[in-house]
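Whole structure, please, built from the sequences with the hints as guidance.
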Amino acid sequence: MKIKFLFVTFLTLSLLFALGCNQTATNSGSGNSSAGDAAKKRIGVSLLTREDDFYRELEAGLQEAARQNNYELIIQSGDKDLSKQQSQIDNFLVQKVDAIILCPTDTQGIAPAIERANAANVPVFTADIAAGGGKIVSHVASDNVAGGRLAAEYIVKALNGEGAVGIIGQPEVQSVVDRETGFKVEIAKNPKITLVPTLNGGGVRDRALKAADDLIQGNPNLKAIFCINDETALGALAAAEGRGKTDLIIVGYDAAPEAVAKIKAGTALKADVAQQPHHIGAKTIEAITKHFKGEPVEAKVAVPVKIIDIESAK
Amino acid sequence: MNRAFRQKLGGLAIFGAILLETIVFTTLAPQFLSFENLINVALSIAVIGILAVGMTFVILTGGIDLSIGSVVALAGVTAALVTRRTELASLGFAAALAVGLASGAFNGATIAYFRVPPFVVTLAVLTIARGLAFIFSEGRSIGSLPESFGRLGRSAFLGIPFSVWLMISMFALGWFTLQHTTFGRYVYAVGGNREAAFLAGVKTKSVTFRVYVLNGFLVGLAAIALASRLGAGVPNSGLQYELDVIAAVVVGGTSLSGGRGSVVSTLFGAIFIGVLNNGLNLAGVDTYVQKIVLGIVILLAVLADKVNRAD
Chain R
0 MKIKFLFVTF LTLSLLFALG CNQTATNSGS GNSSAGDAAK KRIGVSLLTR EDDFYRELEA
60 GLQEAARQNN YELIIQSGDK DLSKQQSQID NFLVQKVDAI ILCPTDTQGI APAIERANAA
120 NVPVFTADIA AGGGKIVSHV ASDNVAGGRL AAEYIVKALN GEGAVGIIGQ PEVQSVVDRE
180 TGFKVEIAKN PKITLVPTLN GGGVRDRALK AADDLIQGNP NLKAIFCIND ETALGALAAA
240 EGRGKTDLII VGYDAAPEAV AKIKAGTALK ADVAQQPHHI GAKTIEAITK HFKGEPVEAK
300 VAVPVKIIDI ESAK
Chain W
0 MNRAFRQKLG GLAIFGAILL ETIVFTTLAP QFLSFENLIN VALSIAVIGI LAVGMTFVIL
60 TGGIDLSIGS VVALAGVTAA LVTRRTELAS LGFAAALAVG LASGAFNGAT IAYFRVPPFV
120 VTLAVLTIAR GLAFIFSEGR SIGSLPESFG RLGRSAFLGI PFSVWLMISM FALGWFTLQH
180 TTFGRYVYAV GGNREAAFLA GVKTKSVTFR VYVLNGFLVG LAAIALASRL GAGVPNSGLQ
240 YELDVIAAVV VGGTSLSGGR GSVVSTLFGA IFIGVLNNGL NLAGVDTYVQ KIVLGIVILL
300 AVLADKVNRA D
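If you read the protein sequences in the order shown, they are chains R and W. Each step along the first sequence adds one to the number in numbering that gives the first Met the number 0, with nothing skipped, and position 104 is 103. Each step along the second sequence adds one to the number in numbering that gives the first Met the number 0, with nothing skipped, and position 36 is 35.
Source of the hints: derived by calculation from the structure; they are not laboratory data. We put the beta carbon where it would ideally sit given N, CA and C, even for glycine. Be aware that one or more of the hints could be misleading.
Label-pair restraints from in silico Cβ distances [what the hints assert, rightly or not]: (1) GLU137(W) <-> ASP80(R): 41 to 49 Å; (2) VAL284(W) <-> GLY160(R): 27 to 35 Å; (3) THR245(R) <-> TYR112(W): 51 to 59 Å; (4) LYS39(R) <-> ILE134(W): 47 to 55 Å; (5) PHE118(W) <-> GLU310(R): 53 to 61 Å; (6) ASP89(R) <-> PHE113(W): 37 to 45 Å; (7) PHE118(W) <-> LYS305(R): 46 to 54 Å; (8) THR245(R) <-> LEU18(W): 55 to 63 Å.
List of simulated lysine to aspartate or glutamate pairs, EDC-like, C-alpha gap at most 16 Å [to be verified]: (9) LYS244(R) <-> GLU86(W); (10) LYS191(R) <-> GLU161(R); (11) LYS188(R) <-> GLU171(R); (12) LYS263(R) <-> GLU294(R); (13) LYS40(R) <-> ASP97(R); (14) LYS290(W) <-> GLU171(R).
Below you can see the structure in the form of structure tokens.
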């Protein structure tokens, strides 16, 4: 029994070791040859996730700008897990990085970890998602409220200011709630547009499909749906197409390649609010550079969004 | 009261509950009882329903399978990737079935022949399958597929969508297998009293293994129904399906300790939960409140089972 246990432990450890070696190898490969350069600034990055296009683009923006400024980035993914992100921050502090970039996995929950960084005098910057506490030098993000307003403007125009409109949202995420807020504010300016109760699609395609099914079913005169991201929009599109409801107007958010292709193809997905994640990454590095030089940095940097429809997608 | 009568009563209880739900929701939202909405309800429980047939077999043997949601995602992603590569949706769907069968065989072999607790094995497969789904898909949905991939999910016969037909036929097949085949009787025997079944000459290991393989097959089918309807392989689809499915089985009245229950009661359980979700959505009830309602319902169902067993 004991020997078996030892054997399993040994196997696990050697597996971890092998994976670890692999990891370091790739890191140093993508890193820089001048690793011994003591003057080179090191920046710890903890992303929300690496599993969607948005964050891939944001990461690319960070890396490109960091390369130009000759910074070394230590990029990790919080995998949407607060405790994982906390320990990543603690590791950055042990590694004595010169700055930290965070895309918080939990707006409120991340505050104590930021306070630890504040105590260690390491400047913290947030990108895309804001933090609810601790001292942040600068927060760089899309103007999500403006994005929601743009979507509403598009729908109001397409409906000639009249009809029932629904939202498939995801109330757990602050940036998404901002989109909803902007959307509702703009819609409220149009007395002839009615807003039916918002459903939660969880930001994932299969749940959004179900929500859209119920939304369309429960509101026979529904004319348009605002979806808070593209996975949601593509789920809603599948629901609309499955029911032959091609006259519905769906507006998504993020302008992922698959969604843009659907807009170009003339489907019920008519428009998308496009963020500029690459730009967010670049702007974050720009803010850090300013901070390193001792120049004043704006506490909030709003990166503009734009709307894409069949005309502008071509 | 004798036990048979008691079980009949249990079956009636869930039926009565569905009736009560229907009355409440029809009052709250008049469109509830329309043909379109009933199709809508059937459509929304189709994937969970297909999975619940397999889970009923698993739970009847006293086992559990937590991996199904992740395997649905992995099989869906595989189907999408194969379809993209070969331009043949049929090959993609075959690949999804293969993924389902393979994971079922892995689960079954580990549980039956290496005697690892089902909870642990399938929990491990849950995270492995989800990880593989993200790796294969590079973390993003595989969409923009040939038209044929989504055709199945969009097709309907006699006004009833394909996935609903698939669910109905799986329930029918599952019912027939459990009630009218030797294998079905063995499933009950293994779950009721493994020792006794073994001594009576039932090859308990083989039965357990085959139940998980069967379940894997159904997971593959459910993945096809979902992916085809979505028109894409989505790595983060199927999240927490295992909970919905187990809830449907348990609410229907199948005992988690094995040996007691049926596919028919699972069907009622799935309908009950589907109607509950749909009705709460139509009535505009807050999604967080919906979660609480569902939790209470599951709790009540399990309590009812315990009370039933007490004597």
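Outcome of the hint check:
Checked against the given bound of 41 to 49 Å, the beta carbons of GLU137(W) and ASP80(R), roughly 20 Å apart, lie outside it. Between VAL284(W) and GLY160(R) the CB atoms are about 30 Å apart, so this pair conforms to the stated range of 27 to 35 Å. A hinted range of 51 to 59 Å for the beta carbons of THR245(R) and TYR112(W) is consistent with their spacing of about 53 Å. One distance hint, 47 to 55 Å for the beta-carbon pair LYS39(R) and ILE134(W), is violated here, with the actual separation near 32 Å.
The beta-carbon spacing between PHE118(W) and GLU310(R), approximately 55 Å, falls within the hinted interval of 53 to 61 Å. For the pair ASP89(R) and PHE113(W), the beta carbons lie near 39 Å from each other, so the given range of 37 to 45 Å is met. About 50 Å separates the C-beta atoms of PHE118(W) and LYS305(R), a value consistent with the hinted range of 46 to 54 Å. For the hinted restraint 55 to 63 Å between THR245(R) and LEU18(W), the CB-CB distance of approximately 37 Å leaves it violated.
With a CA separation close to 27 Å, the supplied pair LYS244(R) and GLU86(W) exceeds the 16 Å bound. Proximity of LYS191(R) to GLU161(R) is assessed by CA-CA distance (about 5 Å); at most 16 Å being required, the pair is judged to hold. Note on LYS188(R) and GLU171(R): the hinted pairing is violated, with a Cα-Cα distance of about 26 Å set against a maximum of 16 Å. Taken as a hint, the LYS263(R) and GLU294(R) pair is broken in the structure, with Cα atoms around 44 Å apart against an allowance of 16 Å.
About 6 Å separates the Cα atoms of LYS40(R) and ASP97(R), which keeps this hinted pair within 16 Å; it holds. For the proposed pair LYS290(W) and GLU171(R), the alpha carbon gap of about 14 Å is at most 16 Å, so the pair holds.
Hint check: violations occur at hints 1, 4, 8, 9, 11 and 12; the rest are consistent with the structure.
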